[in-house]
Every structure is written in structure tokens, then in C-alpha cells.
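Number of protein chains: 2
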Amino acid sequence: MVGIQEIASYIPEKRISNYNKKEKFGITDDFIKNKIGVESVAVKDDSEDCSDLCVKAFQNLQKKITIDKDEIDIIVVVTQNPDYNLPHTSAIVHGQLDLPQSCAAFDVSLGCSGFVYGMSVIESFMKCNNMKSGLLFTSDPYSKIIDVNDKNTSLLFGDAATVSLFSHDPVYVSKEFLFGTKGKHYHDLICENKTLTMNGRAISTFGRKLIPAEIMKLLDKIELSIDEIDQFLFHPGSLFMIKSLAHVLNLDESKYVYDILHYGNTVSSSIPILLEKQFIETKNKLLLLSGFGVGLSWGNAVIKRVK
Amino acid sequence: MVGIQEIASYIPEKRISNYNKKEKFGITDDFIKNKIGVESVAVKDDSEDCSDLCVKAFQNLQKKITIDKDEIDIIVVVTQNPDYNLPHTSAIVHGQLDLPQSCAAFDVSLGCSGFVYGMSVIESFMKCNNMKSGLLFTSDPYSKIIDVNDKNTSLLFGDAATVSLFSHDPVYVSKEFLFGTKGKHYHDLICENKTLTMNGRAISTFGRKLIPAEIMKLLDKIELSIDEIDQFLFHPGSLFMIKSLAHVLNLDESKYVYDILHYGNTVSSSIPILLEKQFIETKNKLLLLSGFGVGLSWGNAVIKRVK
Chain Y
25 MVGIQEIASY IPEKRISNYN KKEKFGITDD FIKNKIGVES VAVKDDSEDC SDLCVKAFQN
85 LQKKITIDKD EIDIIVVVTQ NPDYNLPHTS AIVHGQLDLP QSCAAFDVSL GCSGFVYGMS
145 VIESFMKCNN MKSGLLFTSD PYSKIIDVND KNTSLLFGDA ATVSLFSHDP VYVSKEFLFG
205 TKGKHYHDLI CENKTLTMNG RAISTFGRKL IPAEIMKLLD KIELSIDEID QFLFHPGSLF
265 MIKSLAHVLN LDESKYVYDI LHYGNTVSSS IPILLEKQFI ETKNKLLLLS GFGVGLSWGN
325 AVIKRVK
Chain U
25 MVGIQEIASY IPEKRISNYN KKEKFGITDD FIKNKIGVES VAVKDDSEDC SDLCVKAFQN
85 LQKKITIDKD EIDIIVVVTQ NPDYNLPHTS AIVHGQLDLP QSCAAFDVSL GCSGFVYGMS
145 VIESFMKCNN MKSGLLFTSD PYSKIIDVND KNTSLLFGDA ATVSLFSHDP VYVSKEFLFG
205 TKGKHYHDLI CENKTLTMNG RAISTFGRKL IPAEIMKLLD KIELSIDEID QFLFHPGSLF
265 MIKSLAHVLN LDESKYVYDI LHYGNTVSSS IPILLEKQFI ETKNKLLLLS GFGVGLSWGN
325 AVIKRVK
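As they're listed, the protein sequences go chains Y and U. The first sequence runs 25 to 331 under the working numbering. The second sequence runs 25 to 331 under the working numbering.
Incorrect hints may have been included.
Said to hold, decoys possible - Okay, the calculated beta carbon distance ranges per label pair:
hint, chain 1, residue 1, chain 2, residue 2, range
1, Y, Asp69, U, Ile250, 28 to 38 Å
2, Y, Thr219, U, Gly50, 37 to 47 Å
3, U, Asp92, Y, Gln86, 26 to 36 Å
What the hints assert, rightly or not - Derived, one-sided and incomplete: chain U residues facing chain Y with beta-carbon distance under 10 Å:
hint, residue
4, Phe49
5, Ile51
6, Ser144
7, Leu202
8, Gly224
Don't read these hints as lab results, they were simulated from the structure. This structure is a prediction, so every number in the text was calculated from the model and none was measured. In this text, a Cβ means the ideal position worked out from N, Cα and C, and glycines have one as well.
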């Protein structure tokens, strides 16, 4: 039974405040607090790259749990802002962590749906190749591609990385996944000429219209009602987005979390940052993870606490 | 039983001859024919990008087999030269092929070991998510990053793409995989500032010294002798490399193929281009696939013909 044994994250200390941008973008305190729900975004140091954020997340993991690096069979890095396009960032992380030669390593290119996909990728790869220990990293430093004059993106996205230890001694195991793609709309969130652009309205509509139906489809598949889910970990695109999803699904406020006020939307790291906190909240047995964005792509999963 | 039902490839028609570069690089006919073993490299049209090569490979697949696109559950694109870093190329291909919304899509970032890894990634993902049909693309147009004045790389790498249909009606199924990484040596093959550089000597030594031992380890694991393998499909790094591997493993010339003379080393597409031809050579039951390069990374697999 392969699942997640432990998670750690790294959020850089440096912040850029959205309150200093009110005049520039003609926005109000209310917009910052209650519409996007991001007061400041976390930004990595210029000297750090994607792999460095992964290594720092791993160092935080080592503070929580003893890891025998020689036992790691596979590492996967989910990113769309790698150190280089070639080689893959996982190879660099492999070298920096001094992992054994027998360790498999590859990157998965996905955005906000990346953690949910990544879980299924590493779990199934480990199961089918009889592997015992694996590390799933998420690290997507959008500060590399953000235009600071773009209101649509610069108020929203923050830098972070996470690492999840997958093993045969899990705390959470996946019950079921459901994935999907609307490739014809790929242009709504794109990085051209090293600069990110987003059609915020299109992404927001996509999330609110499609994701609730996909969540119900997943729950139907495994014959669970929405009330049986203890906690919903939505990818926190923005506060408006999450509130819309909760409204459509008729969720009580106690059933979902939104806490990116002080660091921003960290793309594929957003869900594992929320999940990390669930390791302490032992009362929630069934969680629904919902990631959606770049692609356009989505991945939903129900995971179960087993200890 | 998930495995490969059919393969198709697309190699662009345009060629750049290495014979026209003899003076520029101070090389001989003998060097071209017998050392690197590449007379000309295939180059895509300027108007084509990574996703376009995938679509053309898919069109060639449709000439071989009828595909109900609505039945495709997943597509994976292996590339390190995507159309954009964000979104993933698989989303663009998904849109171009008009695949259903329920189809999962992600990219895997790997180089010359990418097809062998990709096989295991898509197979295990399909098995664990109860999927019936999947497409594994390889498309890594190195012409985007080749410096035409670099002797180390411009004589060697060619453009191509392949697509493999994975289903429950396979011709080949995998028996066993073995992967590995030497991340500390990642700098030996790297793309910085949009330009590829390669430490040819280091890559060659890595291949010749490490790969034969890894192949023997894989064969030991499944208790097969080297003589029981009907055909070895090595990633054709260069003719010198393949001959060295065959020499160390003491292989008869009939046991391996080298046919990149007229199109070059096509990175992750090189092994599936060789495998495509095995669909006609029905006498070979057990194949060993060996991919190695960027990372440094390697993946070896034994696959078996089942019909």
C-alpha cells in the first residue's frame, strides 16, 4: 500500500505586498482582502532556482522525519519553470541530495493540477516497479516569468516548493482519481517570451463551471456523498474562485480552507501546502483534493487517512 | 494486460548533409560513416513546433490503424523542447487532435532515456487508473537549440517524433524495467541560453562503462541470459557508442540494429523508431530496449512479443 507518509514545504521569506500596488493598479483594500484574497506574495531570492527550492523543502522534511537517502527509489519534480529545459530538474535535485545511482528521476510538466496528477504518477510507477520509497516535489517559481506590471498575475502568484514522501507506511492513501483536459483553451494561461499571461475571466469561468461537476462525477464513481468528505482542499486560485466553488457545491465554511493570504497562489505547491497541515488535523479522515489550471487541466482525488 | 499495440513515427523530409561540413569541421568521410555513423540529420520546417511533429506522427498512426479518438484516456508527451514551457505540449496536442475532455494529459521531461521511462509511466498510470487506451508521444526537436557551428552536436542530432498506442490488445508487453540516474553529472549535456552543449567524451564514457553493467543487472533480475534476448534496441547515440556497447556485451552483429545514417540521433524518438520496424520482424520475441543520456539518466527494459 503506497501512500503519503509525510510532507514538508518551503515558502521563501521575502514578500511583495499588494497594498503597495493599490495606486498602480487602481485597486482597493476590499479587492485585495476579499476578492483575490492575497495580501502579499512570496518571492524567492534571485540566487535560488527551481532545484534550490526543492532542496530547501527536502531539508524541512528531514526536520520532521529521518530519511535514509540510499533507500529512495524515485524522485519526481512537478514544474513548468525548471532550472533548464534540458536536463530535467529532478536530475539536478538528485545530484544535490546525493541520491543513489539506482534512483529513477524525471520531471512532470503540469501547473495547478500537478500535485494531484503527480500523486498518481509516482504511486502507480512505484507500485508497478516494486519501489519502496519515493519523493514527489512541486516547485514552480512563477516570479521567473511574472511581469510586475501585469495586474492579472503579479498580485496572485507566489513562489514555494513542497516534497511528499511516498512509502509503504503511509498516513494518507488515494482512493480514486479523475483527470481531464480542455486542450483547445491552452492559450488562456501561457508563458510566451518568458512572460506569463492569463485570461483571468476565462480561467475563473472554467473553474467555477467545470470543477464542481467533475467533483460530483468522482464522488459518484466511488459512491460517496459530498457530506462524507471531511475536508475539501481546493487549489486556491483566488478567494473569489474558492468561494464560488464552495457556493456551487453548497459547502459549509468549515469544510474547506483558504490560507494563502500571506504567500499567494503557489501553483502545484498550493494543495500539498494545505495537505501538510492536515497531518496535524487528525479528525479529517476523507479529503478531496482538487487541482485545476494551466492546460487547461484538472485532477481531482479522494484520499483517506489510514493512521 | 496493457502494452504497445502499434507505433508510428514522423521524420521530417528536410536533411542537412554532414558531407558539406567536412572542411568546416576538419572531418573525413570515414569519420562521418564509421565513427559517428550519421551522413545527414533530419530537420523540421521552421513553421513546425514540437506539437506539430506529434500531430504528424499521429496522422501516420492513423494510416496503420483505426483509432476512435473518443476512447483515448490519456496522452503523454516526452520532450525537453516543448512549444512553450507553460502550458505542457500534451495539452496543445490534446486540442489539435480534438481529444475528449475526459482524457488525462501531461508531459514528461526526459531526454534519450525518455521512451523507456515513458513506457513505464503510461503503462502504470493506465493500470492503476483503469484506463483502456493511451498515446505516448516522443518529440524533441533539437534543431531549436543546436548551434550549427558546434561540431559536437550539429553533426549528430536530428528531429523526429513518434507515437505509441497503448491498449489492452498489445503486440508487445513489458517484462521488467530498470532505471538510474547520475545527477551530479547533469552538466555534461545541457541547454543554457537556448544552446545545447555536450561533453561528448564524458557522455560516451558514461554509456560504454555503465550501460552494459546495468543491462546485465536487469537480465539477472528476471533470470534471462544475454543469449535469450533476440534483439537489442540501443539508443543510437553514435555508431562508435553502439559498437562499443556491442563489443563489451559480446553481441553478434545480427543482434542489434543501427540505422540512423540518414536522419541522426533523434533523442527520445530513437528507440521507438527502431521498435516500429520490429512490428514487421515477427521472429524476434524478446527485445531489450536501452536508453541513456541527458541527466545523466538511463532506462532499460525487456519487452516481449505476445502476438
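Now for the hints, and whether the structure bears them out:
In this structure the hint that Y:Asp69 and U:Ile250 lie 28 to 38 Å apart at CB is violated, the actual value being about 51 Å. Between Y:Thr219 and U:Gly50 the Cβ separation comes to about 42 Å, which falls inside the hinted range of 37 to 47 Å. Look at U:Asp92 against Y:Gln86: about 49 Å separates their beta carbons, and that is not inside 26 to 36 Å. Given hint, U:Phe49 at the interface with chain Y, is violated; its Cβ is 23 Å from that chain's nearest Cβ, farther than 10 Å.
Taking 10 Å as the C-beta contact cut-off toward chain Y, the hint placing U:Ile51 at the interface is violated, the least distance being around 25 Å. Taking 10 Å as the C-beta contact cut-off toward chain Y, the hint placing U:Ser144 at the interface holds, the least distance being around 6 Å. Nearest Cβ of chain Y to the Cβ of U:Leu202: about 8 Å, under the 10 Å cut. The hint holds. Because the smallest distance between the Cβ of U:Gly224 and any Cβ of chain Y comes to about 16 Å, over 10 Å, the interface hint for this residue is violated.
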